[in-house]
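*Asks:* For the protein sequence lines, the chains are A and B, in the order given. Be aware that the first sequence starts at 25, since it is given in my numbering, and climbs by one per residue. Be aware that the second sequence starts at 1276, since it is given in my numbering, and climbs by one per residue.
For the record, the hints were derived by calculation from the structure and aren't laboratory data. Just so you know, not all the hints are guaranteed correct.
[What the hints assert, rightly or not] Okay, the calculated beta carbon distance ranges per label pair:
hint	chain 1	residue 1	chain 2	residue 2	range
1	A	Pro109	B	Leu1464	31 to 41 Å
2	B	Leu1464	A	Ser82	56 to 66 Å
3	A	Gln187	B	Met1276	17 to 27 Å
4	B	Val1390	A	Ser82	26 to 36 Å
5	B	Ala1314	A	Arg130	57 to 67 Å
6	B	Phe1486	A	Ala84	50 to 60 Å
7	A	Arg39	B	Leu1436	42 to 52 Å
8	B	Leu1464	A	Ala145	56 to 66 Å
9	A	Leu28	B	Arg1493	46 to 56 Å
10	A	Ala43	B	Leu1436	29 to 39 Å
11	A	Val35	B	Phe1481	49 to 59 Å
Think of the CB as a built atom: it goes at the ideal place given N, C-alpha and C, for glycine as much as any other residue.
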Amino acid sequence: MRLLGSDVRCVRGGREVFAGLSFQAAAGEAVAVTGRNGSGKTSLLRLIAGLLLPAGGSIAIEGGETELTVAEQAHYLGHRDALKPALSVDENLSFWSDFLGGGAARPTADCLAAVGLAHAAELPAAYLSAGQRRRLSLARLLAMPRPLWLLDEPTNALDVAGQAMFAELMRAHLAGGGLIIAATHGPLGIDARELRIGGVG
Amino acid sequence: MTALGALIRRDIRIALRVGGGALIGVLFFLTVVVLMPFAVGPDLVLLTRLGPAILWLGALLASLLTLDRLFTADHEDGSLDLIVMSRTPLELACAAKALAHWIAAGLPLVVATPVLGLLLNLDAVATGAVALTLLAGTPALTFIGMIGAALAVTMHRGGLLLAVLVLPLSIPVLIFGVAASQAAIVGPLPFGAPFSILCALSLMSFVVGPFAAAASLRHGLD
């Protein structure tokens, strides 16, 4: 399967962010989207996720389940963690796994163990540190298999061990034929093709 | 169906936990209705006459009070993005959220009504009638209010906007809710006619609300 973007143009608040952007990613490939602040890295991810409408051009996925949209085959990990402070770690993850997966999901205890949060399963999410919140969001990617991972600064707030753990998870995802598009400033920890937006900055 | 069930369970759970909105609505309802006899005075006949209207106004304001968090909470923490992206149609997800909101915030108002009826000198029949009309009418308030809540998502401090948008739309519900209650208490109109219209308004809002809310959420994405 392949993700294809051709001549994508993005306009936010009446201002053109980028135009004429073409990219592609094949199965098992990671793309690191780089660029200075405000160059449109997050906008590009949200365009792919269908959360913004492109002002021009098209984004499509080839292969995969043809009746599903790009968004429906993707996991989106944004700046915001989509966690409810009133719910426990396990309740937060179970909800997303039920809501996104509809039954065929991996047990939540497994996913929590994979991101190193097994000991905190019963803790309300309000008490998690920033790094732990991030880890919990990463567990969501594992709970339900989706071929395309859209990651916005995924290693933010992760400690060194966390980054290594996440690099391992990304490698496993790519080895399973997945795709990763990640907006990042720092190194991702895996081999990734660079897609630079907005010239040299 | 698992997805919608999970969404309903999560929203109810959050509403019932500390800091959730479920209790706030009932407390507000209680406060408004308890204050009324003090404002109107100890005229029992007058209280009986005003009773249904006071209960309905209280319920309307109480359901508005918590509605503005229906989508903004999910928007602020990024959950709304994932809900929009998911394979569950957004219309159904909206309906599920509204249903959860009604169970957590609307149903307690109906349950509290008999207690408050005592304060307004309503007899058993009248209290039953008001509770029944609230049971039939409050879902309409939630599902109509959901449209305003969806429109207010992208704006900061959308709460006031919500009230301005939603209150005019809920006037028919208020009119027929109070009319049905009055009909049951003093007549001379039959109870059935206004009550049927109230039920019809609710059923209509079940259809219109989710589609309008989903459309405005999609349009307001940024």
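*Asks:* Going through the numbered hints above, which ones does this structure break? Give me the numbers in ascending order.
*Replies:* 1, 3, 4, 6, 7, 9 and 11
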